[in-house]
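Student: Each chain, letter by letter, is given below.
Number of protein chains: 2
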Amino acid sequence: MKIVALAGGVGGAKLVQGLVEILTPDELVIIVNTGDDFNFHGLRICPDLDTICYTLAELSNIETGWGRKDESWQFLTEFKILCGEAWFQVGDKDLATHVYRTEELNTGQPLHLVVQDLCAKWGIKHRIFPMSDDIVMTIVDTVEFGELQFQEYFVRHQCKPKVTKIRFDSKDAPNPTPGIIDAINRSDAVVLCPSNPWLSIDPILSIPGIGSAIKKKFTVAVSPIIGGKAIKGPAAKIFYELGITPTSTSVAEHYEGLINSIFLDNRDGNLVDEIVKLEITPVITNTIMNSKQDKIQLANDVLNFIQRINI
Amino acid sequence: MKIVALAGGVGGAKLVQGLVEILTPDELVIIVNTGDDFNFHGLRICPDLDTICYTLAELSNIETGWGRKDESWQFLTEFKILCGEAWFQVGDKDLATHVYRTEELNTGQPLHLVVQDLCAKWGIKHRIFPMSDDIVMTIVDTVEFGELQFQEYFVRHQCKPKVTKIRFDSKDAPNPTPGIIDAINRSDAVVLCPSNPWLSIDPILSIPGIGSAIKKKFTVAVSPIIGGKAIKGPAAKIFYELGITPTSTSVAEHYEGLINSIFLDNRDGNLVDEIVKLEITPVITNTIMNSKQDKIQLANDVLNFIQRINI
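Chains S and X supply the protein sequences, listed in that same order.
Final position of the first sequence in the working numbering is 311; the numbers increase by one with none missing.
Final position of the second sequence in the working numbering is 311; the numbers increase by one with none missing.
None of these hints come from the bench; they were simulated from the model.
Quantities reported herein were computed from a predicted structural model and do not represent experimental measurements.
Check the hints yourself; a few may be wrong.
Remember, identical chains collapse to one label, so a pair may be satisfied in a single copy or spanning two.
Below 30 Å or equal to it, Euclidean Cα-Cα: the simulated DSSO-like pairs (lysine-lysine) are [what the hints assert, rightly or not]:
(1) Lys125 to Lys160
(2) Lys160 to Lys229
(3) Lys162 to Lys2
(4) Lys80 to Lys232
(5) Lys125 to Lys80
(6) Lys160 to Lys2
(7) Lys292 to Lys171
(8) Lys162 to Lys121
(9) Lys232 to Lys292
(10) Lys80 to Lys69
(11) Lys2 to Lys216
(12) Lys162 to Lys216
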């Protein structure tokens, strides 16, 4: 089975961790959002790529959902003395990734090769691609501060400003990373992981060519919303602010025309009828992934469904 | 009394630490070698400036003679996994300096303003200037590897290659840092701290305008050589390789025409006659600075001598 998974940060990383336990490196391609990437005092930070990679390499801090486990903060403590402002939390271990990546990018390496190199060094066998080698920035328009880069909104302002619009900014039309359109074309199905549709999956779909390639494929989304709440992150709050009810139905509507099926949590069984009306097949299961077993179980449910319906 | 002190790394920092205990910030200007500066994976490292600043801010690691006290190495451990090579030891705390400085330089700040800013944040009241805002590289020509940047020779190859020549490389003629020629002109005396004459003081003297300004001043050197050995670092070895006997007489000869007097250690009393022949006044005292009291004592000896003879 050939699967392409689209993923953002924490929620996406959890399902991806389940998928890699079942699929071989030949069977899975992971495309990761880079719309949250930003420049931290000259260093290129790729939060979603790092969350996915650290998770697969078992280097991630499971409690916080970001950064490295067994992390220390000596750099940041000193840096704050010099810089005053340091709203982004960069740990000492994490910093090695950023310094190395920044140097490689500055010498002209495209991001996807840097990611490939990092994965090899961390012992990750599955293929992780950034959505693009080009800079694409998720810009959140807010009532209080106007336009903010995503990490400014998310970390610096702790998701407090009221969101009025989200857009994706790039200098020229960004190119999809070499190989990912081909991977989608050759896949048996595409999985949209339970990441924020507006903030984590939409940036990937905004890259010319990716959305249209996915439309031709059997595509399954896993809803990141359970009982009107996001498992993690600002999804539900942003839904409200954009005038959307935070339910899995809204997620399904957002993906209408793109997905064939959506996985909902057991607690959202009441939404089945609404989703069927969208000509999307709802699948009810446990979508909360606390343990590794949960992750594997959900990945298994998704893959079994794909195999049963599609292949 | 207005004093300008020229200093390199560890030996220089020790005497400077003594001088700042006696002189007010108005009375002392410290000019520091930047010929050892280099690019560590995209970060600008200024070893001598950092040694001087960390020493004055009481942040330095006294055992190693470089870097920060209470340092940790999480960054470096991870970085080596990614990079393989990491011959320069960058600690987690130290890294904050490099990331901050690099960003400031990349936004167009001249080095001397970055140093001024760092000093203010570290609570250093005395004025520390880099010799130049321009890049000047100390290049060590070696039998084994040809030309090496100083830190490559010093740290990567641990001073093992045989030195045949030392030169200072810059794109254009480097400018002295704004204000330092004026500070020399207005000084009562110049002190060449006990740093390596060839590797730490010569780069400063190589900046057009600095040597000629110093020549007009009453200038005192403190020899870094005691009993034919360097207190620290590769000075004696390099002397041999360049065909020079490593004695304080050689140091005096090297500075001939520039200095009026040289401070020698008690153990080098036998060199007095040789030095007098050079028309340089030898002063015998204890030049080994182990304790803070030693540093203050030597600084006091130098300043008293200057006051007695010159002012």
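Student: None of the hints should be skipped; say for each whether it holds.
Tutor: Verification of the hints:
For the identical chains of this complex, lysine 125 and lysine 160 are neighbours neither inside a copy (38 Å) nor across copies (41 Å), given an alpha-carbon limit of 30 Å. Proximity of lysine 160 to lysine 229 under the C-alpha cut-off of 30 Å is restricted to the intra-copy arrangement: shortest distance 17 Å within a copy versus 64 Å between copies. For the homomeric pair lysine 162 and lysine 2, neither the shortest alpha-carbon distance inside one copy (40 Å) nor that between copies (59 Å) is at most 30 Å. In the homo-oligomer, the alpha carbons of lysine 80 and lysine 232 lie at most 30 Å apart inside one protomer (28 Å), although the nearest pairing across protomers, at 33 Å, exceeds that limit.
Taking the shortest alpha-carbon separations for lysine 125 and lysine 80, only the inter-copy value of 20 Å comes in at or below 30 Å, while the best intra-copy value is 37 Å. Taking the shortest alpha-carbon separations for lysine 160 and lysine 2, neither the intra-copy value of 40 Å nor the inter-copy value of 55 Å comes in at or below 30 Å. Taking CA atoms no more than 30 Å apart as the test, lysine 292 paired with lysine 171 passes in neither setting, with 40 Å inside one copy and 57 Å between copies. When the C-alpha separation of lysine 162 and lysine 121 is checked against a cutoff of 30 Å, the pair qualifies neither within a copy, at 41 Å, nor between copies, at 36 Å.
With identical chains, the CA atoms of lysine 232 and lysine 292 are at most 30 Å apart within one copy only, with a shortest distance of 17 Å there and 55 Å across copies. Proximity of lysine 80 and lysine 69 under a CA criterion of 30 Å is satisfied in both settings, with 22 Å inside one chain copy and 18 Å between copies. When the C-alpha separation of lysine 2 and lysine 216 is checked against a cutoff of 30 Å, the pair qualifies only within one copy, where the shortest distance is 15 Å, while the shortest distance between copies is 79 Å. Taking CA atoms no more than 30 Å apart as the test, lysine 162 paired with lysine 216 passes in neither setting, with 36 Å inside one copy and 67 Å between copies.
Comparing the model with each earlier hint shows violations of hints 1, 3, 6, 7, 8 and 12; every other hint is respected.
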